[in-house]
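Undergrad: This is what each chain is made of:
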Amino acid sequence: MTASYAARDISTLLRRRLRHIRRYPSLTLFLVGIPVVFMLLFVYVFGATLGKGIGARIAGPVGGRSGYATYVAPAIILLTVASAATATAMSVATDMTEGIVDRFRTMAIWRPAVLASHVVGSMIQTLIAVVVVIAVALMVGFRPHAGMVAWLAALGVLAMINLALTWLGVALGVVAKSVQTASNTPMFLLLLPFLGSGFVPTASMPVGLRQFATYQPFTAFTDTLRALWSGGPIGDHAAVSAAWCAGIAVVGFVWALSRYDRGPAAAPATQ
Amino acid sequence: MLHDVAMSNPHGSWPRVGVPTTVHSSAAADDRLAGGRRREQPPIRPPSGGGTALAVEARGVRKSFGDQLVLDGIDLEVPEGAVFALLGPNGSGKTTTVRILSTLLGADAGTVRVAGCDVVTEADSVRTVIGVTGQFSAVDGLLSGRENLELMADLNHLERRAGRQRIAELLERFDLADAAGKPARTYSGGMRRRLDLAMTLVGQPRIIFLDEPTTGLDPRGRHAMWGLIRALVADEGVTILLTTQYLDEADRLADRIAVLDHGVLVAEGTPAELKARVPGGHIRLGFSDPKDLDCAARLLSAAGRDDETLSLTIPADGAVATVRAVLARLDTHGIEIESLSIHTPDLDDVFFAVTGQPSTGQPSPKDGSR
Chain A
538 MTASYAARDI
548 STLLRRRLRH
558 IRRYPSLTLF
568 LVGIPVVFML
578 LFVYVFGATL
588 GKGIGARIAG
598 PVGGRSGYAT
608 YVAPAIILLT
618 VASAATATAM
628 SVATDMTEGI
638 VDRFRTMAIW
648 RPAVLASHVV
658 GSMIQTLIAV
668 VVVIAVALMV
678 GFRPHAGMVA
688 WLAALGVLAM
698 INLALTWLGV
708 ALGVVAKSVQ
718 TASNTPMFLL
728 LLPFLGSGFV
738 PTASMPVGLR
748 QFATYQPFTA
758 FTDTLRALWS
768 GGPIGDHAAV
778 SAAWCAGIAV
788 VGFVWALSRY
798 DRGPAAAPAT
808 Q
Chain B
71 MLHDVAMSNP
81 HGSWPRVGVP
91 TTVHSSAAAD
101 DRLAGGRRRE
111 QPPIRPPSGG
121 GTALAVEARG
131 VRKSFGDQLV
141 LDGIDLEVPE
151 GAVFALLGPN
161 GSGKTTTVRI
171 LSTLLGADAG
181 TVRVAGCDVV
191 TEADSVRTVI
201 GVTGQFSAVD
211 GLLSGRENLE
221 LMADLNHLER
231 RAGRQRIAEL
241 LERFDLADAA
251 GKPARTYSGG
261 MRRRLDLAMT
271 LVGQPRIIFL
281 DEPTTGLDPR
291 GRHAMWGLIR
301 ALVADEGVTI
311 LLTTQYLDEA
321 DRLADRIAVL
331 DHGVLVAEGT
341 PAELKARVPG
351 GHIRLGFSDP
361 KDLDCAARLL
371 SAAGRDDETL
381 SLTIPADGAV
391 ATVRAVLARL
401 DTHGIEIESL
411 SIHTPDLDDV
421 FFAVTGQPST
431 GQPSPKDGSR
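Sequence lines, in order, name chains A and B. Mapping of the first sequence onto my numbering: position 122 corresponds to residue 659, and the numbering continues sequentially without gaps. Mapping of the second sequence onto my numbering: position 367 corresponds to residue 437, and the numbering continues sequentially without gaps.
Hints in this document: simulated from the structure, not taken from any laboratory. Small disclaimer: the values here were computed from a predicted structure and weren't measured. The C-beta atom is built at its ideal place from N, Cα and C for all residues, glycine as well. There's no promise every hint is true.
To be clear about the criterion: a stretch of chain A counts as covered by chain B if any three or more of its residues have a C-beta under 8 Å from a C-beta of chain B, and this derived list gives those stretches [unchecked claim]:
(1) 543 to 556
(2) 638 to 646
Example chain B residues on the side facing chain A (calculated, C-beta under 7 Å, incomplete) [unchecked claim]:
(3) 206
(4) 208
(5) 227
Pair ranges (Cβ atoms, derived) [stated by the list, open to error]:
(6) B:258 to A:686: 55 to 63 Å
(7) B:258 to A:745: 54 to 62 Å
(8) A:728 to B:259: 35 to 43 Å
(9) A:560 to B:307: 32 to 40 Å
(10) B:248 to A:583: 50 to 58 Å
(11) B:180 to A:672: 58 to 66 Å
(12) A:787 to B:229: 34 to 42 Å
(13) A:724 to B:259: 29 to 37 Å
(14) B:258 to A:696: 37 to 45 Å
(15) B:256 to A:724: 29 to 37 Å
(16) A:680 to B:229: 52 to 60 Å
(17) B:306 to A:728: 53 to 61 Å
(18) B:238 to A:725: 44 to 52 Å
(19) B:258 to A:680: 51 to 59 Å
Excised from the complex, chain A in its bound form (with noise of 0.2 Å):
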């Protein structure tokens, strides 16, 4: 009966939550800030010396500091899709905690509503920022080539990526106690982006490190954008994101939804 309003329900929630964006703007501004730091620092900071290190074939006939910009940029990138779980935790579990998802569970409303609408939400968060982390990577030598398909593929890469871990994000937050443990879960993904392919080639990692960095899946995702945007091959990198985000977005929605069904635990404390 109340799936005949999942349309609506969806959209009415989407509004509050982009309200809440244009209302609480630092939470973007940190999504947004994060990525653009890491990248003017590795760009003007370590950029010249990595880009020497990891060696022309890999930086590029460019090389040296323009090179490793290019190289670099897709990690930034991820960096920033990272980062938006954990604004989504957080605004997840600010309205897990201050009782306004009670009092929605009490509404007839579509069920996955409160959740779905989040995703959109934050969704269209994180594209901003990712916009506006590509266009500070263009200004300060970020060189793909890649043509409007590549670009276009290389997007929706992202948004596959994205949708995985927001819905990762949701659960993240809806299990949080509280705001605090939601802003600190989600760090893990952060470091991911550096225990990968993304700053430094696998290769040059010790053994067991190594190892790990190859078959992570922020490996697969920055390989995939690396190979997209400087015209590579692609190789199965694609499909091993893919099955990744899969994976992801399913345990996230899964997780997510089914906590949210239940309740928070209610603490006994709180009769």
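Once you've looked at the hints, dock chain B against the given chain A.
TA: Same frame as chain A, but now just chain B:
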């Protein structure tokens, strides 16, 4: 609480000891008979053509969190149109009960029907008729008061014009029209609570759950909230189940009160019925001279005498006429009294009588009328 005196003893004046009642065992039957009754009407009367429908019906509800038993077999019957108060100290299980009744939490055992629908299998049907205002503010702080209400109108799938009209009406009634455009996070505690209740009312629920609606409010806010709740019952004929830890609040608002203690209902009945379970009120007279005490003791039918504090306890209903009669009697015999205090039975006494403990560590809320 002098204003409560008149209704506090339905059995006439001068109660000696606790009037025996059978509140607990007969409460359920009373409820069924008294469907749709208003508090002004006689306590127990079969319905005359009115419905006997139950707004809330709970049987054997049990709930544990881990190994902590929170509700140990609760039975509740709330007739349609009644104001039902669930009274108990912190940790007695009030909020858990409300969460189970309002589909927020599943019970471990027992059945709950709200408006005739099962809260588990027909949760969505239940949700279309209930409104819940929880203990913790459920307003969106980043939205303005009006936007919060619009959100509720949209989620209740109200037609645009009907929604606008309802919102304007609620803003007016809840004294929020001036602040309607300001973000809710800038509201005072009382305003937030009013907005919270207004949001609950947008969808015109037939059954409203109010979990500690006045906790944390100042006396003015408390009185305003009481006025709103009374008006709600008078104007819209809704059923209200409220929880409170304040005994005078239950007394003022409710037709029926259930006393919850450690997850068990220990008493249930009308405020008058509950008060009849405790020893009646009394006047306490203090004397400065033991001779006066002796004289007064011979003169009046005292229930208790304390030679150490030179005081005398006289059963009394607390009515002004009774006090005047006692004083006149002492006066004609030239007996001087040093102090006089009047104690009327209130629900604190009830709580103590049924649980053997004071109701709560905290004092009842102070307000002007006490």
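Undergrad: Take the hints in turn and mark each one as holding or not.
TA: Against the structure, the hints come out as follows:
Counting residues of the segment 543 to 556 of chain A whose beta-carbon sits less than 8 Å from any beta-carbon of chain B gives 6, enough to reach three: the coverage restraint holds. For the segment 638 to 646 of chain A, the stated coverage by chain B holds: 8 residues have a C-beta nearer than 8 Å to a C-beta of that chain, and at least 3 were required. Residue-level restraint check for residue 206 of chain B holds (minimum Cβ-Cβ distance to chain A is 4 Å; threshold 7 Å). Satisfaction of the interface hint for residue 208 of chain B is found here, the shortest Cβ-Cβ separation to chain A being roughly 4 Å, below the 7 Å cut-off.
Interface restraint check for residue 227 of chain B: the shortest CB-CB distance to chain A comes to about 6 Å, inside 7 Å, so the restraint holds. Take residue 258 of chain B and residue 686 of chain A: their Cβ atoms lie about 57 Å apart, and the range 55 to 63 Å holds. For residue 258 of chain B and residue 745 of chain A, the hinted distance range of 54 to 62 Å is satisfied, since their beta carbons lie about 58 Å from each other. Checked against the hint of 35 to 43 Å, the C-beta distance between residue 728 of chain A and residue 259 of chain B comes to roughly 42 Å, which is consistent with it.
Checked against the given bound of 32 to 40 Å, the beta carbons of residue 560 of chain A and residue 307 of chain B, roughly 39 Å apart, stay inside it. Separation of residue 248 of chain B from residue 583 of chain A is about 57 Å and conforms to the stated range, judged on CB atoms against 50 to 58 Å. A hinted range of 58 to 66 Å holds for the C-beta pair residue 180 of chain B and residue 672 of chain A, which are about 60 Å apart. Residue 787 of chain A and residue 229 of chain B have their C-beta atoms about 38 Å apart, which keeps the hinted 34 to 42 Å range intact.
A hinted range of 29 to 37 Å holds for the C-beta pair residue 724 of chain A and residue 259 of chain B, which are about 35 Å apart. Checked against the hint of 37 to 45 Å, the pair residue 258 of chain B and residue 696 of chain A passes, with Cβ atoms roughly 44 Å apart. Evaluation of the 29 to 37 Å hint for residue 256 of chain B and residue 724 of chain A yields a pass: the beta carbon distance comes to about 32 Å. Between residue 680 of chain A and residue 229 of chain B the beta carbon distance is about 55 Å. The supplied range of 52 to 60 Å therefore holds.
Checked against the hint of 53 to 61 Å, the pair residue 306 of chain B and residue 728 of chain A passes, with Cβ atoms roughly 56 Å apart. In this structure the hint that residue 238 of chain B and residue 725 of chain A lie 44 to 52 Å apart at CB holds, the actual value being about 49 Å. Under the hint 51 to 59 Å, the C-beta atoms of residue 258 of chain B and residue 680 of chain A, about 57 Å apart, fit the expected range.
Checked against the numbered hints above, the structure breaks none of them.
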